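Protein chains: 2
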Amino acid sequence: MTHASRINAVRNSMTQQGLNAFIVPHDDEHLGEYIPPYAERLNWISGFNGSAGAAVVLADKAAVFVDGRYTVQVRHQCDPALFEYHHLIAEPYLDWLLAELAPGSRVGFDPRLHSHHWHRNAEARLAASNIMLVPVDGNLIDSHWHDRPVPASRPALLLDQEYSGQHSEAKRSRIADTLAAGKIDAQLLTQAEPINWLLNIRGRDIDCLPVVLGFALLHRSGAVQLFADTDKFEGLDLQVHCGQDVTLAPVGELEAALQTLGEQGARVQLDPHTANAWSALILSQAGAELVFAEDPCMLPKACKNPVEVNGSRAAHLRDGAAVSRFLAWLDNRLQQPNPEQEDEGTLADRLAAFRRQHPEFVEPSFNTISALGPNAAMCHYHHDNGTPRALGQDAIYLVDSGGQYLDGTTDITRTVAVGRPDDEMRKLFTLVLRGHIDLACARFPAGTGGLQLDALARMPLWQQGYNFDHGTGHGVGHYLSVHEGPQRISPKGSMIPLTTGMIVSNEPGYYREDGFGIRCENLQVVQPADTDGEIPVFEFETLTLVPFDTRLLDVDWLEPKHVRWLNQYHQTVWEQLSPQLSGDDLAWLEQATRPL
Amino acid sequence: MTHASRINAVRNSMTQQGLNAFIVPHDDEHLGEYIPPYAERLNWISGFNGSAGAAVVLADKAAVFVDGRYTVQVRHQCDPALFEYHHLIAEPYLDWLLAELAPGSRVGFDPRLHSHHWHRNAEARLAASNIMLVPVDGNLIDSHWHDRPVPASRPALLLDQEYSGQHSEAKRSRIADTLAAGKIDAQLLTQAEPINWLLNIRGRDIDCLPVVLGFALLHRSGAVQLFADTDKFEGLDLQVHCGQDVTLAPVGELEAALQTLGEQGARVQLDPHTANAWSALILSQAGAELVFAEDPCMLPKACKNPVEVNGSRAAHLRDGAAVSRFLAWLDNRLQQPNPEQEDEGTLADRLAAFRRQHPEFVEPSFNTISALGPNAAMCHYHHDNGTPRALGQDAIYLVDSGGQYLDGTTDITRTVAVGRPDDEMRKLFTLVLRGHIDLACARFPAGTGGLQLDALARMPLWQQGYNFDHGTGHGVGHYLSVHEGPQRISPKGSMIPLTTGMIVSNEPGYYREDGFGIRCENLQVVQPADTDGEIPVFEFETLTLVPFDTRLLDVDWLEPKHVRWLNQYHQTVWEQLSPQLSGDDLAWLEQATRPL
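Order-wise, the sequence lines are chains A and B. Each residue of the first sequence is one higher than the one before, starting from 1 at the first, in my numbering. Each residue of the second sequence is one higher than the one before, starting from 1001 at the first, in my numbering.
Take the hints with a grain of salt, since some may be wrong.
[What the hints assert, rightly or not] 25 Å max Cα-Cα, derived SDA-like pairs, lysine to any residue:
(1) 561(A) <-> 1073(B)
(2) 427(A) <-> 1426(B)
(3) 1492(B) <-> 95(A)
(4) 1492(B) <-> 558(A)
(5) 1561(B) <-> 499(A)
(6) 1427(B) <-> 95(A)
(7) 1492(B) <-> 596(A)
(8) 1183(B) <-> 257(A)
(9) 561(A) <-> 1527(B)
(10) 1561(B) <-> 539(A)
(11) 561(A) <-> 584(A)
(12) 492(A) <-> 1534(B)
(13) 1492(B) <-> 440(A)
(14) 492(A) <-> 1289(B)
[As the list claims (entries may be wrong)] A short, non-exhaustive set of chain B residues, derived as facing chain A with CB atoms under 8 Å:
(15) 1444
(16) 1445
(17) 1451
(18) 1459
(19) 1490
(20) 1559
(21) 1563
(22) 1565
(23) 1568
(24) 1579
Keep in mind that the hints were calculated from the coordinates and are not lab data. Bear in mind that the values here come from a model prediction, so they are computed numbers and not experimental data. All residues carry an ideal CB built from backbone N, CA and C; glycine is no exception.
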């Protein structure tokens, strides 16, 4: 089925339902960062396979909306004869609809795929121009998507307390107390990560994100109704694992459960930005009182307990050995003939193979960014969206990758010399690493938000008139999503205080368009610091254990404190990794961690 | 008249007007930071003379509300037989009123002395308990205050363009354009600083704040109606100075002007946090449409033009010579017998005398904080609120002072050795100065707010487990208020981008209760920096020119970059000040600016 015929099929359905437009967002019903293949409706209708965006189909035209990361990619993937291209942020599709449609028009949307917040806002904006937003019953794509992938049916995993560090009962009772304090009868949970955290379960429903997809209702008593594919729990006793007050039902029963809450006139709390409009509609139409607040699992989930932190340390020890073996192999490979037989793809595969040698490794935590030379200047580069670039022609190589282990999630970027880096590359690498070190060395009192620390990582670049156009640090889960909130280190970042157990990345970078790209990324966990002072302060403990490439350094751009930090870090890496390595790998590590 | 009899007199008026309570805020009708003596109603009723607070009088009791700076002072100044004490922030007086008063009670307030925002909020909160907020006609204090000071009648000054750098016409037309763009008919201006800035006038209505008090209406055409004491403009031609479309009328005519706007159904913009409730009531009752926004003069006023920046440089050159002469004198005085004959008061007077030697000096820009030993640990110490402490018994002395000059406003804190500072004092002084230097060295791209830079000044203290409990930097006016917004460098600070021409203080500190206090403060102006990089960045140019006391340094706590900065700064101070000094003062400066 061509994209043209797909669009026509959707237009036929639109006509039958009296719709002048239909919105196809990237999101699925959980509104999370990752979606499974069977939810790739935007890709099905348009061919665009990026991680964010939307398409809008009208009777006589269609448009696809993507953000700055995808303005090039969308031109490769979407036929201009079928789609206009617009910028998702600068030219939002609601504006486009308002410009294209006449008063009295009807815009169809699937309320499961949009947040309650979006729905309220879009409805009001369109209504002001006398355009009606119409929830469709059954997605107009699904009825025409005949070769739609079947949802994964890989079994769920009951995560042992040896990994989770806290029983579900304790987690649930803690959050239920906050519900009781707010006179909330039930909390609707719609994102996979908080549900999997709350019940100490995991799954393989989505690549890179080890979750069971589902919905849950957490009641004021602490009881949880989980709505998920029950087949995945076959042979597993969720109630023995979680407690008798945790029940499992098929996803199809969620609607009835919401209706029951409504009929009871319950006060139901949901996060308007992550709960879908469908559930909010069901609840409010059935008579529930909606209370809007951030998902109360997010903050406790972000603050890892000591068992989770220990697990993360162990995962990073393993991951550090794998990445170091890869870097040792790469240096060796560059000494061999015909380096051009390797490319970004084979390098990524090789790195994955080193990780897979560890039995605790489950899967990558995201798609590896393996980028040579100018490709590294594209922050969200993926070598599969074109021809992978061959080794041997560039000076530097950037590799951003991570692993999911049963005891933790890793995310590391190293930028390494694979040719002859020039003075400017070395200057910029050194400035980036200097910013990384300044942030890594930070200490700060309770109440400090990531927004207050972000400038530390940028200042060395700012001093010389450079910057990088992404956040400095994101939260990282524990054998969960490699991106999690609410903490964040960013100029647009949050004032959520950084506190004990939060894991954040520290990843300043520099990107020279059509030239090269640099990023230095470690994960670090917030811990209380030991001082002789008057007030308690926090510091970062670095989790990641892989040498930085000192061949890319120009020490003239460092102060003594940076050299001290780097030598100390390399000393730690040597002590921690050397027992795991041998032969050439060990020799490589010895020279890579030698003090400056 | 005793405070008891004053309270009784107010209670009699309350009975006559059927009021169960009357609120006496510190503010005057302009709701600015400083008030003139005739507006010290809170002091008249309670004896409390701090710079913020409120009293509430009920039929049978009264209470005074002050913030953390004044919890000690209020106990010295207010009779506990007459007043309960409460914390202004932690126990707000609205909460107290709600707890004390029965439903049906009537609370009197003078709508000229409260913001529109306060009024709306207080009215709603009290109404929820069936308590009525009643605007009184004529303040209940004023009718009993028989020896009330007469408003100052010192003449206004028309500030020459040689000082202001921009004609009022240009300023008015620029802001009028923004009004036109917002379809606003007129902007109500109620604070003294924006009005004086807009019309390039100054005055002597309040000590330390060189303004003519008044109100103004800026019309969409750019025309301004100024409402002020016309006597102050006798012999001055405001229209020749400002333009024909600037008219002057007595303050009493403001009400009629607001009513006229109302009758025309005008859209009138005001800042709900700084415009008083009285003007908003008049306008809306007369039929005006109120539009709420920040005062549009604040941002352009904060961004000094090149003439103002040059003026500030000149003012700081003069001020630096005066402060340096004082520090030279102080060092010399400590070598003479009987240092105890000097105290915090005589030191402050001596410093003022050095400033007064400059003919361009107008007045101090705030009350000098002259604090020896433990007194310096109180951030808002004033030696007149007790017995000034004598010189000779302490190790360090903190002096925070500033001057108003026709071409600029200064604000400087130096902490100097006046005895034998111990290792801990030197460690903490060095950490404070190091933070000062790290902030002074910052460069940052457009869009960076003070909140993002604040941590730079605190990090050296944070590293060792210390902090200070005030903002790092405030805006400073040009021959105007020593405190101005909207920019600010603070952990609670603003994300208003720092940009060319903004003057901010850089004043980290450290305070050891009952021990000592340290603060290192320079003013600095934001300027474009010159780099070889890719993006424009700003930097700070330091305006203040006075040596830091290197006898208080422990260089082990500095990195080489701090030593380089300090030597460079002292070199500049020497080059700039030495031509103004001679004899012992010059010899003092030579040794005080010697490289480390």
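Consistency of the hints with the structure:
Distance restraint check for residue 561(A) and residue 1073(B): the Cα-Cα separation of roughly 45 Å exceeds the 25 Å cut-off, and the hinted pair is therefore not satisfied. Under the criterion of a C-alpha separation no larger than 25 Å, the hint pairing residue 427(A) with residue 1426(B) is inconsistent with the structure, at around 36 Å. A distance of roughly 35 Å separates the Cα atoms of residue 1492(B) and residue 95(A); the hinted pair therefore is violated under the 25 Å criterion. As the CA atoms of residue 1492(B) and residue 558(A) are separated by approximately 32 Å, the hinted pair breaks the 25 Å bound.
Between residue 1561(B) and residue 499(A) the CA atoms are separated by roughly 31 Å; this puts the pair beyond 25 Å, and the hint is violated. Of the pairs offered as hints, the one joining residue 1427(B) and residue 95(A) is violated, with about 59 Å between alpha carbons and a cut-off of 25 Å exceeded. Proposed proximity of residue 1492(B) and residue 596(A) is contradicted: the alpha carbons are some 40 Å apart, above 25 Å. Under the criterion of a C-alpha separation no larger than 25 Å, the hint pairing residue 1183(B) with residue 257(A) is inconsistent with the structure, at around 51 Å.
Taking the CA atoms of residue 561(A) and residue 1527(B), the gap is near 29 Å; set against the 25 Å cutoff, the hint is violated. For the hint linking residue 1561(B) to residue 539(A), the alpha-carbon distance of about 23 Å falls within 25 Å, and the restraint holds. For the hint pairing residue 561(A) with residue 584(A), the CA-to-CA distance comes to about 31 Å; that exceeds 25 Å, so the pair is violated. The suggested pairing of residue 492(A) with residue 1534(B) holds, with an alpha-carbon distance near 21 Å, which does not exceed 25 Å.
In summary, the hint linking residue 1492(B) to residue 440(A) is supported, as the alpha carbons are separated by about 23 Å, within the 25 Å threshold. Our distance criterion of 25 Å between C-alpha atoms is broken by residue 492(A) and residue 1289(B), whose separation comes to about 35 Å. The interface hint given for residue 1444(B) holds, since its Cβ lies 5 Å from the closest Cβ of chain A, which is under the 8 Å cut-off. Below 8 Å, beta-carbon pairs count as interface contacts, and residue 1445(B) has one with chain A at about 6 Å; its hint therefore holds.
Satisfaction of the interface hint for residue 1451(B) is found here, the shortest Cβ-Cβ separation to chain A being roughly 6 Å, below the 8 Å cut-off. Because the closest C-beta pair between residue 1459(B) and chain A is about 7 Å apart, less than 8 Å, the hint holds. Residue-level restraint check for residue 1490(B) is violated (minimum Cβ-Cβ distance to chain A is 10 Å; threshold 8 Å). For residue 1559(B), the suggested interface contact is upheld, since its CB lies about 5 Å from the closest CB of chain A, less than 8 Å.
Because the closest C-beta pair between residue 1563(B) and chain A is about 11 Å apart, greater than 8 Å, the hint is violated. Hint status for residue 1565(B): violated, given a least beta-carbon distance of 12 Å to chain A, over 8 Å. Interface hint status for residue 1568(B): violated, as the beta-carbon distance to the closest one in chain A is roughly 15 Å, over 8 Å. Checking residue 1579(B) against chain A: minimum C-beta separation of about 32 Å lies over 8 Å; hint violated.
Comparing the model with each numbered hint stated earlier shows that hints 1, 2, 3, 4, 5, 6, 7, 8, 9, 11, 14, 19, 21, 22, 23, 24 do not hold.
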